[in-house]
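**Student:** Input sequences plus hints: build the corresponding full structure.
Taking the numbering used here, I'd label the letters of the sequence shown as residues 1 to 624.
Each hint should be verified, as a subset may be incorrect.
[As the list claims (entries may be wrong)] Here are the computed lysine-lysine pairs in the DSBU-like style, where the Cα-Cα straight-line distance is at most 30 Å:
| # | residue 1 | residue 2 |
| --- | --- | --- |
| 1 | K315 | K267 |
| 2 | K583 | K3 |
| 3 | K499 | K549 |
| 4 | K278 | K372 |
| 5 | K391 | K315 |
| 6 | K61 | K118 |
| 7 | K452 | K470 |
[What the hints assert, rightly or not] Pairwise CB distance ranges, derived in the manner of DEER restraints:
| # | residue 1 | residue 2 | range |
| --- | --- | --- | --- |
| 8 | S344 | L588 | 47 to 57 Å |
| 9 | Q365 | D272 | 24 to 34 Å |
| 10 | T130 | G30 | 44 to 54 Å |
| 11 | H477 | K372 | 24 to 34 Å |
| 12 | L22 | N335 | 58 to 68 Å |
| 13 | K254 | Q218 | 37 to 47 Å |
| 14 | L37 | K341 | 45 to 55 Å |
| 15 | I355 | V303 | 57 to 67 Å |
| 16 | M4 | L37 | 29 to 39 Å |
Calculated directly from the structure, the hints in this document are not laboratory data.
From a predicted model like this one, the values you see are computed outputs, not experimental measurements.
Cβ coordinates follow ideal geometry from the N, Cα and C atoms, glycine included.
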Amino acid sequence: MDKMDGLSLNLEKQNIQRIKELFPEAIEEGKINFDMLRAMLGDEVDDSKEKYQFTWNGKAKSIKLAQTPSSATLRPCKDEKNSKGEPKSKNWDTTENLYIEGDNLEVLKQLQKTYYGKIKMIYIDPPYNTGNDFVYHDDFRNSIENYKEQTNQTSSSNPESNGRFHTDWLNMMYPRLILARNLLSEDGVIFISIDDNEQMNLKELCNEVFGELNFISQVIWERAYSPVNLKKHFSECHDYILCYAKNITAAYCKGLPKTGEALERYKNPDNDFRGPWKAADSTVGPAVAERVYPLTLPSGRVVTPSSGRCWLYTKEKFDELIKENRIWFGKNGNNVPAVKKFASEVKQGMTPMTIWKYTEVGHSQEASQNLKKIFEGKAYFDYPKPVNLIKRCLQLYTSERDIILDFFSGSATTAHAIMKLNAEDGGNRKFIMVQLPELCDEKSEAYKAGYKNICEIGEERIRRAGEQIKAEWEKEHPSDGLFGPDQEFTTDIGFKVFKLDSTNVNEWDSDMKLDEKELALRLSEVFKEDRSKEDILYEIMLKYGVFDKQVEEINANGKTMYRVGKRYMIVCLEDSITSEDVKAIGELSPKTVIFNEAGFNNDNDKINAVYNLEKCGVEDVKCI
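**Tutor:** Dropping the structure here:
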C-alpha cells in the first residue's frame with residue numbers, strides 16, 4: 001500500500017514533463033538538452049546579449065518561490081466562532097463557496113491540485129503600493145512560519161523612501177500571478193485593479209506571465225466624480241483595470257446586457273416574421289468600382305451611392321437580399337435602401353468600451369456608503385470597490401456555473417457581486433475568497449466593534465450581503481401561493497471557512513524544530529494531537545485534488561467513514577481495521593480508498609486490504 005504525498009503540486013516537475021511530452025528528442029538520459037531544444041525551436045530563440053527584457057532584483061527567487069511545493073494545509077472552521085462569538089461559516093453542509101484565511105501565496109499553492117485549469121475568472125485588487133498599504137513579506141522557505149509572523153502584526157508598510165520600493169512589490173506580485181495563471185481555465189480571464197503607482201510595472205509583469213498576445217484591455221474606471229482642489233497639479237479621478245486571458249483565442253466576451261435605449265431602436269413596421277429590426281446604412285466608403293451601380297427603387301426612382309461611396313453588396317447579392325425581404329425601402333418604397341438588422345441575429349450583448357463611468361458601475365464614495373449601510377453606518381474599510389464594478393466583469397466573461405477566485409479579498413466585494421448576479425440571472429457561480437487575517441488596529445472602528453482581523457469583517461459582510469440579497473429577492477417575488485417551486489430563492493449565500501495552517505501529519509511537517517528524541521517521539525504518532533478527523537479529511541482531499549467534492553459522513557460495518565463525491569473516494573481513519581471493514585468499503589464501489597496506516601494490525605492486513613479492494617474494482621488504495 002503506497003503512502004500519500006504530503007506536498008502541494010510540484011510545478012517544476014510538471015513543467016519539465018510538459019517539455020518532455022512536446023520535445024522528446026531534446027531529452028537525453030532523463031535530462032533536457034538545451035542545445036537540441038534551441039535547434040528544434042529555430043529562429044524563435046533569441047540568443048542575443050542585447051534584447052528587450054523586464055527584470056529586477058529578486059526575480060529568479062520569485063520564480064523559485066512559486067515553484068517550491070508546500071506541506072501546509074487548510075483546516076475547516078465548521079463550528080468555529082469569530083471574536084464576537086458568532087459562527088464563522090454559513091450553511092456548511094450545502095454551500096459550495098469558500099472563504100480561506102491565510103497568506104495567498106501559500107493558499108494558491110494548496111489550490112493547485114484541485115483547481116488547476118478550473119477557474120473561469122480571477123479578480124484581484126492588490127495593494128497599490130502607495131507607500132502606506134500592506135505589503136507581504138515572503139520568506140524563501142517551505143514554511144508557514146512567515147505567515148504566522150505576518151498575522152501577529154497590525155500592519156506593514158512599504159515607504160517610498162525604501163530603496164527597493166518597486167522591487168518589493170514586484171517580488172510580492174510575481175509568484176502569485178504565476179500560480180494564478182495555472183488556476184485559470186483555457187478560456188479564463190483575470191481582472192486586476194491598479195493605479196498609476198504600479199500600473200506600468202503591472203502591465204510588464206502580466207505581459208511576461210500571461211503573454212503579450214493574451215492582453216485583452218486596459219479599462220479606465222472613473223472612481224471619482226469631483227476634483228480635489230488641494231491637489232497641486234491634477235486631481236486623479238480614475239483607476240485602471242487590466243484584463244488578460246489565459247488563451248485569448250479561447251476567451252469569449254459575452255458583452256453587456258442591452259439597455260432599454262438600445263432595445264428601443266428595434267421596431268417591426270412591416271411585421272416581418274423574423275421579429276424586430278433596425279435600419280442600417282447600405283453604403284460604405286471608400287468606393288469600389290464594381291459596387292457602384294444604379295438601383296431602381298419600388299417607386300421607380302433610380303438612385304446611386306453618394307460621391308466617394310459604394311453599395312455594401314454586389315448587384316447579385318443585393319437582388320438576393322431584396323427577395324429575402326432584408327432590404328427596406330420605406331413605407332412608400334421611395335427611400336434610399338437600408339439593410340434590416342434583426343435583433344435575433346445580432347450579438348446579444350453590447351461590446352463594452354474601455355472607459356467605465358461612475359454612472360454605470362459606481363464610484364469609490366458610493367461603494368463606501370453602501371458598505372457602511374451593510375454595517376449600520378460604520379466604516380470598517382477604506383476604498384472598497386463598488387459591487388456593480390465587479391458585477392460588470394462577471395457579466396462579460398462568466399456563465400452560470402463558473403468558479404471565480406479573488407485572492408486579495410479585502411472587504412469581500414467580489415463575493416457580494418457574485419451572489420447578487422446569481423440572484424438576478426439564476427446562476428450558480430461559486431466563489432473562492434482568500435485574505436490574509438491582518439490584525440485590525442486597536443484604535444479602528446472595526447476593532448471597537450469586535451472584529452479582530454480583516455477576515456472577520458469580510459466574512460460578516462458576506463453574511464449580511466447574502467441576507468440582504470435574499471430579502472430583496474423575496475420582496476420582488478412575494479409568496480402568495482400563485483408561484484411554483486421555480487420561484488423559490490435558490491441562490492447560494494453560504495460559505496465554508498478554512499484556515500491556512502501547518503500539516504496535520506507529523507511526518508510531513510518540514511518545520512518541526514525538535515531534538516532527535518522529541519522528533520522520534522512525535523513521529524511515532526501519525527497525526528498531531530490537536531487535530532481532528534475532519535482536519536485530516538480535508539487535508540487528504542486537498543493533497544489528492546478533490547477539495548471541491550461534497551463530503552458525507554457514513555457508517556460502514558459500524559465504523560464512521562467519509563464519502564468524498566458520490567462514488568469517488570472513501571476515507572477511513574478508524575483504528576483496528578478488519579477484513580469485514582474492507583469488504584464493506586469495497587461494496588460502496590469507490591475509485592479511491594485512503595486508510596490510516598496505524599489502523600492496520602500488521603503488513604499482511606494492509607496487503608490483503610489492497611488485494612481485496614482491487615478485486616472490487618477500486619483503482620487506487622493509499623495510506624496516510
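**Student:** Hints first: check each against the structure and report whether it holds.
**Tutor:** Each hint, compared with the structure:
1. With a C-alpha separation of about 27 Å, the suggested pair K315 and K267 falls inside the 30 Å cut-off, and the hint holds.
2. Simply put, K583 and K3 have alpha-carbon atoms about 21 Å apart, close enough for the 30 Å limit, and the pair holds.
3. Between the alpha carbons of K499 and K549 the distance comes to roughly 18 Å, so the proposed pair stays at or under 30 Å and holds.
4. With a CA separation close to 45 Å, the supplied pair K278 and K372 exceeds the 30 Å bound.
5. Straight-line distance between C-alpha atoms of K391 and K315 comes to about 46 Å, which puts the hinted pair past the 30 Å bound.
6. Restraint check: the Cα-Cα separation between K61 and K118 comes to about 27 Å, which is no more than 30 Å; the hinted pair holds.
7. Proximity of K452 to K470 is assessed by CA-CA distance (about 28 Å); at most 30 Å being required, the pair is judged to hold.
8. About 50 Å separates the C-beta atoms of S344 and L588, a value consistent with the hinted range of 47 to 57 Å.
9. Roughly 47 Å separates the CB atoms of Q365 and D272, a value that falls outside the hinted 24 to 34 Å.
10. Checked against the given bound of 44 to 54 Å, the beta carbons of T130 and G30, roughly 48 Å apart, stay inside it.
11. Distance hint check: the CB atoms of H477 and K372 are about 28 Å apart, consistent with the given range 24 to 34 Å.
12. Restraint check, L22 to N335: a C-beta distance of roughly 60 Å satisfies the suggested window 58 to 68 Å.
13. Checked against the given bound of 37 to 47 Å, the beta carbons of K254 and Q218, roughly 20 Å apart, lie outside it.
14. In this structure, L37 and K341 meet the distance hint of 45 to 55 Å, their C-beta atoms being roughly 52 Å apart.
15. Against the hinted window of 57 to 67 Å, the Cβ-Cβ separation of I355 and V303 comes to about 39 Å, which falls outside the hint.
16. Separated by about 34 Å at the C-beta atoms, M4 and L37 satisfy the suggested range of 29 to 39 Å.
In this structure, the hints that do not hold are numbers 4, 5, 9, 13 and 15, in rising order.
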